[in-house]
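As they're listed, the protein sequences go chains C and V.
Under the working numbering, the first sequence has 486 at position 486, and the numbering climbs by one with no breaks.
Under the working numbering, the second sequence has 79 at position 79, and the numbering climbs by one with no breaks.
Hints are not guaranteed to be accurate.
Unchecked claim - Listed next, with one range per pair, are the computed distances between beta-carbon atoms:
no.: 1; chain 1: C; residue 1: Asp-299; chain 2: V; residue 2: Gln-141; range: 20 to 28 Å
no.: 2; chain 1: C; residue 1: Arg-483; chain 2: V; residue 2: Asp-124; range: 56 to 64 Å
no.: 3; chain 1: C; residue 1: Thr-356; chain 2: V; residue 2: Val-147; range: 55 to 63 Å
no.: 4; chain 1: C; residue 1: Val-346; chain 2: V; residue 2: Lys-137; range: 45 to 53 Å
no.: 5; chain 1: C; residue 1: Ala-336; chain 2: V; residue 2: Thr-135; range: 52 to 60 Å
no.: 6; chain 1: C; residue 1: Lys-531; chain 2: V; residue 2: Glu-99; range: 22 to 30 Å
no.: 7; chain 1: C; residue 1: Gly-479; chain 2: V; residue 2: Arg-167; range: 51 to 59 Å
no.: 8; chain 1: C; residue 1: Lys-531; chain 2: V; residue 2: Ser-138; range: 34 to 42 Å
Think of the hints as simulated: they come from the structure by calculation, not from any bench.
Predicted model only: the values in this text are computed from it and were never measured.
Backbone N, C-alpha and C fix where the C-beta goes; we use that ideal spot for every residue, glycine too.
Each chain, written out:
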Amino acid sequence: MSNRLSSEEMAELRRLIQGLYDGRITSDERARLKQWMRQSEEASWIYVQYMNLYAGLHWDTAQESELEQAVPKGAAGASRSAILGFLGDVFQQGTNFLSRSLVLSLLLAVGLPFMLFLILILHVARQPAPVARAMPVAKITQMHECVWGEGSAPLPVGADLFPGQRIRLSGGLVEIVFADGTNVIVQGPSTFETNTRGEGFLHIGSLVANVPKGAEGFTIRTPTATVVDLGTEFGVAVEDEKDTLEVQVFQGKVALKTGVEDADRKPSHHHLVAGRAVRVESADRQGKMVVREVAFSADRFVRRLPAPTKPVKAAIIADFSGGEGNAQVDQFPGTAGSGWATGWNVEKAKELKCITSIEQANPLLGGGKYLRVLLQRESGVARARKAITVERRLALTDRVDLTKPYVVSSNLRIDVLNRFTESRDRLGICSRNIPQSEAGREGQLSTGWYICVVGKGNKFGKSGSWIFFARNRKGQAIGVDSRIPAREGNTYSFRILVDPSARQWTPSIAVNGGKWTKFKPMGMRTRGTAKENGYWPFLRLHCWAGGGNKGEDVGEVGFSVDSGLPRGKRLRLVRYWGGEAYRGNNG
Amino acid sequence: MSKSSKTQEYVRLWTTYGQRVYAYILSLVANRADADEVFQEVSMTVWMKFDQFELGSNFRAWAYRIALNKVREFQRARRYLPVFLDSDLLEIVDRLTTERSEALDNQYRALADCLGKLHPRDRDLIERRYRVGATPKSVSQQVGRSVAAVYKALSRIHDALFDCMRRATVMEEYA
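Chain C with its partners taken away, still in its complex shape:
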């Protein structure tokens, strides 16, 4: 390698890289590090190696929410320590082997010194894993109408499952493939835990395991029994808190061991072959388990998942003409349904007269019925203290999943802009939400995205053009002038791509059905995570006609709205694990 670094240079480089990773360097220092890496391959290589180190140290804590639940169960392998790293794997296999009921017999068979040695190994491997990264031991490969239970973060297809990770299903089916190749279908309601690459723990509920050749020995533990596969397909159901359990073998055979080793009761061993089913129940208070044969029932377990359906784009329509064929939902004010959580709500200011009506004559771009709103401030009335809003709340996950990127679009025609001359005079379209943390500051901060025209020029832009109110990357409130003038008689089409997890929105505007002008993405005005903001679930038309003081002339604003079309991904039953992966960038 050429251009070796001096020790001073090396020290400086280390400081910059570590500072970068911790977010503790200035922008000048960042620039310097970049430049250095561009010029020196050695510097880039050092950087790569540091990242490799961080990745090694972090590899365990990525799946925070899941790992928090990762309480190692009976299986020793569940607590593989990252500190042991690859060695841990070896230990893990060793302890797995040992934990499979052979411990006692082995220890009896060999001498004391060896026993001590074994205990030592077990002790090392059973150390709680402070840097608890483990490799995933299984993966979710399919789902069907999954309903996640309380306290269980919804997982998507493709999610990795880690040792000790618990899945709580209230309903539906999940297919899990273990690293040893075993395919397990868990049927809700169930609580299931992935322990190792070849072992799971069924707390309650039922599952079917299909064990391919080479993965024999795959084990399902339950609170009272252990089912070890001997090359087969079998179902296990844990029925209730009394630990009643049923095992049914579809193909091949399994070994069933009931009872718990460390208690005073002796475990009993059974072999079951295809076509047999048994029920295990506790017979007395001492926990003695009784195994009795029951009738084999082919329908007792779900063995295959129904074919998955492809996600489709979905839309929620408000065109006041029956929208999605549901006139009741789509009227004004309408009702909840078809993706809407509510009907339209008109919030009036007492100083303003607000007239809303559904019109048919002189339609907007698409034709059909539309909503017309007229605001008037009469002479001699005090200035309005709040805006008038016409808004409707979207359902979080009905048709369109608001937690995923979605698009809101709406046509808005300006009918009247009379005496629209003050900075308090505003007409706009926006989202709304009032995060708990911002309660009481609604006027300033209740909109995530906000496009409006202001009656009088302000610091953000030229008077009379549409302005986007947003935040920049530093989290400062900004206004971006679209330079598209808002004029009476024009119809403006707005299209806003909302990316909740990135807390970004990207607006586009077209005038009178013409070409779209797309703008750069910008940050949401409200602070907090998307979840705290309820994913900005409102479509709102927002209007102040409050300019001037008492005694001044009449102000009047009129506008018409049609076809608000939030579009997005069809509701998916799953979300990315960890829920809100977003970690605030905009403050």
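Once you have looked at the hints, place chain V on chain C.
Frame of chain C; chain V shown alone:
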């Protein structure tokens, strides 16, 4: 090859290379939160596209390519936020990571040993730092030292781990 055995092959490959893909992504985004996010995307994509993967070909290279694309996509979506690795740096880091993957693998393998060689007090600090939800501040409260002192100690320990991991691979590097 049947669907289920393909799935098994996938699980096998992913459990083998998942961590390496994570490390690759982290070196491209230089930030843990972003790496976690991109990693999820990549994990999903690799899974969904696995049908297109030719068994027997280079899984790591294939997964890295997906990861690189996802990182670029991620940067585009966040163009509104500052990015440390511009496209030319991405290329440099990608090339180095790919060309020297063996050295990096060896270093990662050496990490366990290197952690074992730390002074118990230092190892305790590292463990606290990388515990779920920990911040330098929370660590400083736990150990009763100032945040600055914790940062300083962590820097020193990271440097020590780095040197130790590098020694494990020095042969490859300068051979």
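**Message:** Please check whether Thr-356 (chain C) and Val-147 (chain V) have a Cβ separation lying inside 55 to 63 Å.
**Reply:** This hint holds: roughly 57 Å between Cβ atoms.
**Prompt:** Given a hinted range of 56 to 64 Å, is it respected by the beta-carbon distance of Arg-483 (chain C) and Asp-124 (chain V)?
**Reply:** For Asp-124 (chain V) against Arg-483 (chain C), whose Cβ atoms are near 59 Å apart, the range 56 to 64 Å holds.
**Request:** Please test the hint of 52 to 60 Å on the beta carbon pair from Ala-336 (chain C) and Thr-135 (chain V).
**Result:** Given a distance of about 42 Å, which is not inside 52 to 60 Å, the answer is violated.
**Item:** Pairwise beta carbon distance, Lys-531 (chain C) to Ser-138 (chain V), judged against the given window 34 to 42 Å
**Value:** 23 Å, violated
**Asked** Is it true that Gly-479 (chain C) and Arg-167 (chain V) lie within 51 to 59 Å of each other by Cβ?
**Response** Since Gly-479 (chain C) and Arg-167 (chain V) have Cβ atoms about 56 Å apart, the given range 51 to 59 Å holds.
**Message:** Taking the Cβ atom of Val-346 (chain C) and the Cβ atom of Lys-137 (chain V), is their distance within the range 45 to 53 Å?
**Reply:** 48 Å, holds
**Item:** Assessment of proposed distance window 22 to 30 Å (beta carbons of Lys-531 (chain C), Glu-99 (chain V))
**Value:** Check failed, 42 Å falls outside 22 to 30 Å.
**Request:** May I ask you to test the hint 20 to 28 Å on the CB atoms belonging to Asp-299 (chain C) and Gln-141 (chain V)?
**Result:** The hint (20 to 28 Å, Cβ to Cβ) is violated, given that Asp-299 (chain C) and Gln-141 (chain V) are roughly 57 Å apart.
Hint compliance for this structure: hints 1, 5, 6 and 8 are not met, and every other hint is.
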